[in-house]
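Let the hints inform the model, and build the full structure from the sequences given.
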Amino acid sequence: MPDPATDARRLWSALRAAVGQAVVGADDALRLVAIALLVEGHVLVEDVPGTGKTLLARAVARALKLDSARIQGTPDLLPADVTGSSLLEGGALRFSPGPVFTNVLLFDEINRATPRTQSALLEAMQERHVTVEGSTRPLPEPFIVLATENPIEFEGTFALPQAQLDRFLVRAGIGYPDAAGEAAIARRYRTAAEPLDGIEPVADGPAILGLRDRVREIHVAPEVEAYVVGLVRATRRHPDVSLGASPRAAVALYRAAQAAAALEGRDFVIPDDVKALARPVLAHRLGVDLDRGLQGVTADSVLGEVLADVPTPPVLEPSATT
Amino acid sequence: MAAPNPPLTSRLARLADGVPLVLVVIAEAAWTSVLVGLVQEWALQRPAFGLAAMLVVVAAGVVVARILAPRLDGRWPPVALALAIVAGAAGWLASADARGLALAGDLPAALAHNPGGWFAAIALVRGYAHAGPEPDDGTVNRLLTFGIPGLAIASAVGGMIADPWRSEFLAETLRAAILFVSAGTLGLAFARLTAEGGSGVAWRRNPSWVALIGVLVATAIWAAIPGSLMTGVILSWLVALVLTPILILGVVATFQARNRRLVVIALFASAIIVGLGRLAKPGAPDVPLGAGSAVGVPVPPEALPPLVTVGLGGLGLLLLGLVILVLARLWMRQLVPVEAGIDETRTIDLGAAAAPTASRRRPRRGLFGSEPRDAVTAYLALLDGLRSSPSARRDAETPAEHARRVGRSASTKGAGVALPLLAADYVLARFGGRRLTAHEDARAIERWRRLRRELDPRPRQRRWATTAREILGPEEIENRY
Amino acid sequence: MSAQAVVAVLLIVLGTILNVSIAIILGIASLLLEVVRLGWARRGLGDLEYRRRIGRERLNWGEETTLAIEVWNRRRLPVAWLRADDAAEPGLVVRERSFASGEMGLSLRNVWTLAPHERVTRRFHVTADRRGVFQLGPVELSMGDLFARRAAMEERPVIDTLLVRPRTVPVTPLRRADVWGGLDRAAAGLTEDPARFAGVREYAPGDPIRRIHARASVRFGRPFVKRFEPSRDREVVVALDVQTEHGRSWDLAYDDASVEALMVMAASLSRSLAIERAAFGLAAAAWSGAVRRFAIVPASAAPGQLERVLDLLARLSSSPSAPFEALLTLLARTLRPGVTVLVLSARNPGPMARSLRGLMRRGCRVQLLAVGPEAGANLAVARALGIPGVVARLDGPWRTTERLELAG
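So the protein lines, in turn, are chains A, B and C. For the first sequence, position 63 matches number 74 in this note's numbering, and the numbering has no gaps at all. For the second sequence, position 33 matches number 1294 in this note's numbering, and the numbering has no gaps at all. For the third sequence, position 318 matches number 949 in this note's numbering, and the numbering has no gaps at all.
Please note: incorrect hints may appear among the correct ones.
What the hints assert, rightly or not - Below, a sample of chain A positions facing chain B; criterion: calculated Cβ distance under 7 angstroms: (1) Thr125; (2) Glu134; (3) Ala232; (4) Val235; (5) Phe279; (6) Ile281; (7) Pro282; (8) Ala319; (9) Pro322; (10) Thr323.
Claimed, not checked - In silico contact screen, one side only, chain B against chain C (beta carbon under 10 angstroms); selected entries: (11) Leu1364; (12) Phe1441; (13) Thr1446; (14) Arg1453; (15) Trp1464; (16) Leu1490; (17) Asp1610; (18) Ser1650.
Simulated from the structure, these hints should not be mistaken for lab results. Heads up, the beta-carbon is just placed ideally off N, CA and C, and yes, glycines get one too.
Listed below in C-alpha cells is the structure:
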C-alpha cells in the first residue's frame, strides 16, 4: 500500500494545480485548508474584502468534488438559518436542512452574526452533527468550515468568543497578490466568465477520508513532541499573555504538523513543520493582556518571542558527542 | 548599548583642548611681528624682538583679559588701555639702544629708536580679542580675511627698501606668512567646529579630519612656494592662449567637427611645447628663499634652476599625497569614543551588506578531535564545535534554518551544501527514525570533516576591531558581532 | 567664485606684476585651499545618509519609546561637522536632551563630526508630557566643509508622528442595566432581538415563514410564529462634554487641567468597559483632525475597540467644536434603543436637559457622570430634572491620580 506521505504529496500537487487555475497567490492559505481537511479541522480566514476567500472555498470544493455552501453573517441571522428547521407541509413536519449540511461551508463575516448563531455553528464544527428540535442529524463527511472575519469593520460586529476561536484549527490570510498575480487575475476573466469552470476534480470525499486516517500514522519523534508541548506551554508562561494556548491547541499543532509533513511527502515530522505552523495554529488562540495590547503587543509578536526562546531539537547537552 | 566613555578628562585631553587657542595666538603673533618688522625696516633698524616675543605678548593679553575683564567689569576698558600702553613701552624699551638713550635723558633720540616696539601694544590688544573660553570663529575669520592681504601689502611695501634690511624683512615675513596661514586656517577650522557643535563635537574626536586639513594646508603651502616661481610664465601663457584660440575658434566655427578637434589638439600640443621651452629659462626670484629653510620649508636655494625647484616641490607633493593616503587609511578604521551621556555607537561602514567580521576565537580543541561514528553524532559534534563561533546554531534554530543562515553568510560560503546535507542526514535519522546505511554514515562523517575545516575560523586580528575591543570591551563586541 | 578666491587671484596677479613673491605665495595657498574647499562642498549632502527610527508610534501617557537617529558618511573624506535639527512640537520630551530654540521653533539638535565611511547611531528615549499627536520632523541637515565652514543645508521630509493616549486608571464599578441578565426592559424597540425568545402568537399575513414555530403550529392546528423581546442592545456610549468655559469664548477657551481630567476619565471608563467585554463607543463634540464637527467611535465589542477609542481621545481638541447639545441630539437620532449613554460633563446639566430627555424618550438609558468642583450641585440639578447620575472624581490631579471614583 502506498505510504500516506506519497499520496498526500500527490494530492497536494494536484490540488494546487487545479485550484491555481482559478485562484492566484493563495498557496499558503490553500495549504492550510488542505491541512485542515486532513486533520478534521476548520479554518478561520481573516482578510480584507476582495481577496478571493469565497473563490478559494468554491475552488477547493470543486477540485475535491465536494458540495459547498455559503452563509453571509448578519445580525439577524438565526441559528435555524444555519442548522435548518422543520417546516409544516400538508399538516406534517418536514425537516429542511440548513446550509451547514454540506462539505465545504463558507461562513462570511462570522463576526457579524450574533453570539447565539455563532454557538449553533460551534456545535456543528465540534460535534459534526446538529441537533434540531431534539433530533440529532450528522453532517456529511468530510466537513470543513471556512469562516471569514473582516478585520476592518468593527461597527455592528461581535468578537468571536475564545471558546469558538479555539475550535478553529488554523487562522489563514490570503492577502493581496503581487503585481504579476493581479494582472493574471484580471486576464483570467478575459478567457472565461467563471474561472471555476476550468477546474477538474483531482480527488473526492472518500479519498480525503481515507488519507485522513493514514495521516495519523505520520511519525513524530519524541523530541518533536516535546517541542510542540514546549511551545504551547511557553505561551501560557509569557508575561504579556492573559490566556495562553490550551491542550487542544497542542493537539491541533501536533496533528497539523503531521499533515504538513505528509503534504511535503515525508512520513515523519521535523521541527520546521512545527515552527511553520505555530503562528497559524496558535496566534488566534492567545489572549493578549489588555494593557500590553495598548502598548503594541500582539499575539504575533508574542509568538515571535516564544519561537525565538523555546529551543528546538536537537537540544545540545555539554557532552553531546558521546 | 555603548560601553561607558573611557576617561577623557585627563590632563592630556585638557591640553589638547587648548590647541585651537594656541594656533590663533600664533597667527596673531605672526602678523603683528610682521608689522613690527615693517616699521623697523622703514626706520632702517633691525627688530629688537621677533615672533617668539610676540607670542608671549599675545598670550599675556589672553591671560590678562580672562582674569581681569570679568572681575573689573566696567573698569576693564581703561585698565586694558593702560596695560596696552605699558606693553608698548616695554616693547620700545626692549631695544638696548632705546633704553640707553632714555636713561641718558635723550628722550627724542630714544623714541626714534625701536619705533616698532610700540606695536607690542597691538599684540596685547589682539590677545584681549581671544579671551573667551573658545576662539570665536567670527574673530578668527576676520583675522584671516584681512590678515592675508595685509601681509601681502606689508611685503610689497617692505620690498621697496634697500638691502640688507629688505632681504631680512622679507625672509622673516615669509616665515611669518606661512605660520599665519597655517595656524590661522587650522585655528579657524577648529573654532568653527566648536561654534557649530559645541563641546560635544570636539575636533579631537575626528582625528582623520584634523590630519586631513593639516596635510592639506601644508600641501597648499608646499605647492605655493615653487608655484610662485611659475606664475609669471603661466600668466603670459594664459594671455597668449586666451587671445589666440578666440581668434582661431572664430574661424574654425564654420569647419566640420573633425577639423575643429584637430585644431584644438594642435593648440594643446603647441602650448605644451612652448611651455617646456620657457621652463628651460631660469627666472630671478625676489625672495632670498634660502632663508626660508630655517622653518623647515623645503625651499630650494637661489642657485637651483626653476625646473629642479618644481621637481623637488613635485616630489614633496607626491610624498605629502602618500602621507594623506596613509593617514586617512590608518585613521579610517579607528572607532572614536562615544559622547558622554548619550547612547551612541559608531562603526566604519564601507557599505557591505554583512556586518564586518570580528576576530573569532578558535573553537575549543578536543571536541573536533573525537571522531563521530555516524551521521547523528557527526552533526552533533559539528554543532558542539561551533558553539563559540558566529556560525553557532542558535537554540531556537532548526537544523534547516541553521544551515540556511550559515550558507548565506559570505564568510562561510565555502561550506557549500555540506551542512544542509549533513543536517538532512541528522533529521532523517533522528526525527524520521531511519537507520542510515554505513555508506551514508561515512559520507556524513566526511562532510563533518570538511565542515570543521570550512567553518573553523582563524582569528583575524584587524586593527580597528582590536581598538573597538579596547574601547567598548569584549562583552559589547560579542553582543554586536 | 567666492570672495576669498577672488582675493587670492588678485594677490597672485598683482604679486606677479609687482614681483612680490610673498603675495604670490599667499595667493596661491589661499586659492588652492579655496578650490579644495569649493570642490568638496560642491558634493553637498548627497553622500550623507540620515535616518530616524521611532520605536513605537503609539504610546500611553507616561510611557517612553526609543528614538534612534543614524547618520552615515558614505564618503572617503571626513566631515568636519554635520548637524541635524529635527523639528519638534511642544509637549515632546527627550530624556537625554533639551530642545534647541530657533527661528523655526523647537528642534532636537544633534551635531557630529564624522570620519570617512563612519556610521553613527544615537539613541534617545522620547515621551510626551500630555496626550496628543506630536510630529517629529522634518529634519534640517547642515554640513561644514573641510574647513568647517557651513557648506550645505537641506531639509529632508522625514516625519514621524507620535500619538500619545491619555492616562487610564482603575474605575470603581458602575452598575449598569446593560449588563447581560439584567431585569430592565426597554420601553420601546423597533426591532426584535432574535436571541431573546418571548413566546408565540398567531401567524399574521406578512410574518416571515422562518419565524413559524413548528411544534406550536402542529399542536394548535394552525400556524403560530415565534415572538421575541424588543431589541435592547447591550451597548454603552460615553458622551464626552469637552466644554469647560462659559460665555462668549466657550468654544475657544478651555481649562487645560479640567479637559485633561475629562480625557483621563473617558479613557478610564472605556478601559473598564473593555475589561468587562462590553460593546462600547465614544462620542465628543470636539475636533479630531477630520472635517467633521463630531468625533464618534461607534459602539462595538470587536477586538481593537479600546485602541480606537483611546486613539480618538488622543486626537481630540481641548476646545469644543460644537455645542454638546447638538451632539446629544445627533445621538438621539442615530443610537439604537436600549443603548446606555454615559454623559461625562463638568457643566450644569440644565441647558442639556432637553437633549438628554430626548435620548431617554428614544429608549436609551442615560446616566450623567458629573465632574469637577461643582459636580455635587450639578448632580442635584440633574436629579431634579429626572436625569439619573453619579459624581465622577479623580483622587488627584490628572497627572498623579490613581483612581476614578464614581459615587452618589
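Tested hints:
1. Thr125: violated (42 angstroms)
2. Glu134: At about 38 angstroms, which exceeds the 7 angstroms cut-off, the nearest Cβ of chain B leaves the hint on A:Glu134 violated.
3. Ala232: Since the shortest Cβ distance to chain B is 4 angstroms, the answer is holds.
4. Val235: holds (6 angstroms)
5. Phe279: holds (4 angstroms)
6. Ile281: Where the cut-off is 7 angstroms and the nearest Cβ of chain B is about 5 angstroms from A:Ile281, the hint holds.
7. Pro282: holds (4 angstroms)
8. Ala319: holds (5 angstroms)
9. Pro322: OK, holds: A:Pro322 within 7 angstroms of chain B, min 4 angstroms.
10. Thr323: OK, holds: A:Thr323 within 7 angstroms of chain B, min 5 angstroms.
11. Leu1364: Not OK, violated: B:Leu1364 not within 10 angstroms of chain C, min 38 angstroms.
12. Phe1441: Result: holds, 9 angstroms to nearest chain C Cβ.
13. Thr1446: Holds: closest Cβ of chain C sits about 7 angstroms from B:Thr1446, inside 10 angstroms.
14. Arg1453: holds (4 angstroms)
15. Trp1464: holds (7 angstroms)
16. Leu1490: holds (8 angstroms)
17. Asp1610: With a closest approach of 4 angstroms, the B:Asp1610 hint holds.
18. Ser1650: violated (25 angstroms)
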